[in-house]
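Here is how the chains run, residue by residue.
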Amino acid sequence: MIGSVCAAVVVVAAVAVQLVLPGQSVYHAGWYNVALCGAVIVSLIAGRRELRRVKAPRVRWATIGILFGTAIVGFSGVLSGLFAPDNQTVVGAPGERIHVESLGTLSFPLASIGTSATSVSLERPLYGKVEVGERRSDAGSFILRAVQRNVAWVEARDPRGNRLTVTQPAGAAFLSPVLLMEHRQTIAGMELPFDSFNVPAARRVVKAVLFTPAQAAALAHGLGSSGDAAVLLAVDDEKERPLPNAIALSTGGKAVTVGGLSLRAVVTQYPAVEVVAAPNLVATVLGGLLVVGGILALVIRPVLSTGDDRSNVSQDDAALGKLDPSRR
Amino acid sequence: MSRYVIWAIAAVALVVAVIVLEPFFPSQKASPAGPAGLAGEAAPVFTLRDDRGRPVSLDRYRGRIVLMNLWASWCPPCRAEMPDLQRLADSYDDAAIAIVGVNEGESASRAQSFAESLRIRFPIWVDASQRYGRTYAALGLPTTVILDRRGVVVRGYDGPLTFDQMRAAVASVVQTH
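Chains as they are written, first to last, in the numbering used here: chain A, 17 to 344; chain B, 1483 to 1659.
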């Protein structure tokens, strides 16, 4: 019996660790999952042998609970380890709704320049709507957390000050003045977030590169770093041919005039959602409770059966001597 | 072990298997991209200003079918579509159907002068921060969204519509909602 219980404890502990520290690559490793399967098989074989041997209903039910719980927890852990998708960060523009396969729909909050948003809504069929904030949220076989990313809000005006529409034909949200900065570009040896947008009314394409305050300070002195995050704006014509003298650095939300446009960029933070696969919480808790309940049922009765009651301990309980502290 | 216990264990095992396996067999039903994907959902509502600076909101149109057209003055198909939208507005009673043009990302003065140049009389709203465009999943301009009397999105169209297409779309909503 002791072999079955020990293997069950190992399985439950391993899968609990997957829940507590999700997203580690080791959970997807072949050796890890083979080891987890091995522990489940050891528990099942040893438990089945015990079931054949014992007759007392309490011990039989406790053993069945342990076996069943181990199978559930192990199945849940191995399935997550072998088949669950890799970790991903879902990035969306304000107001955008993104469907994530196997999870549900993430609705990104509306926000504007000067307002902050920290959480994203997750809508799942049958489960309703939950807010995903900076603290982890369990959603079935996934664990979610909102993380803040640097984004840039941009505004384009013509020389008379009329506001112009900003579009992102290559972006996730076509009509978005929010640059999510999902691409990378190397400038002066620095790996920098990069994005672009169109100003169709002025027939211009604008490329934007985001600099942190430190990177902006490290850049050439002539660009005049002010200690704020900065956005380098380069204006091309509609066929993406660079225009002369059409590069400028926008810092602190100040407007710059380049390529016939007055451009303003404000660097701020906006949430993205980290999605990490994990063993199913309901199944793991259910299985874990069965294992714990089974172990308690095996241990508590012999412990209570001391002194005068010792004579009442059945022959089957005697077989559990290794689990009974009173008999050591 | 009695037969009932075995059946109970099998049932619990089945339920657990369904719970654990469910994420690995996602629904094959894919929602359409763009504004059509919002069909059946409550239309998000924000307060904007119209081209004369007055606060406006979709809430005030509850009880009426609303055809909302997202446009910009630089967009040639939007320009071509506007007179047909006005013709459609003229052909329906205002109390039953409201047609609203939502300018995306431009100034009120630009939106107003554009509307005046085309003799547009239906309400023109100014969405400078382009929130309607993002929320209604516009893939481009123009984008047209039809809401029923309860403020639920019934249909969404990406790209320009002819007058006959507009009329057919509105007529089908009038009949069914």
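Check before you lean on any hint, since a few could be wrong.
According to the in silico footprint, chain A covers these stretches of chain B (three or more CB under 8 Å from chain A) [stated by the list, open to error]:
1) 1496 to 1502
2) 1534 to 1546
3) 1566 to 1574
4) 1602 to 1616
5) 1631 to 1641
Which residues of chain A face chain B? A few of them, derived with a C-beta cut under 7 Å, are [claimed, not checked]:
6) N49
7) L126
8) P216
Honestly, the hints are just simulated from the structure, not real lab data. These numbers come from a predicted model, not from an experiment. Even glycine gets a Cβ: it sits at the ideal position worked out from N, Cα and C.
**Asked** Which hints from the list above does the structure break, by number from lowest to highest?
**Response** Hint check: 2, 3, 5 and 6 fail, others pass.
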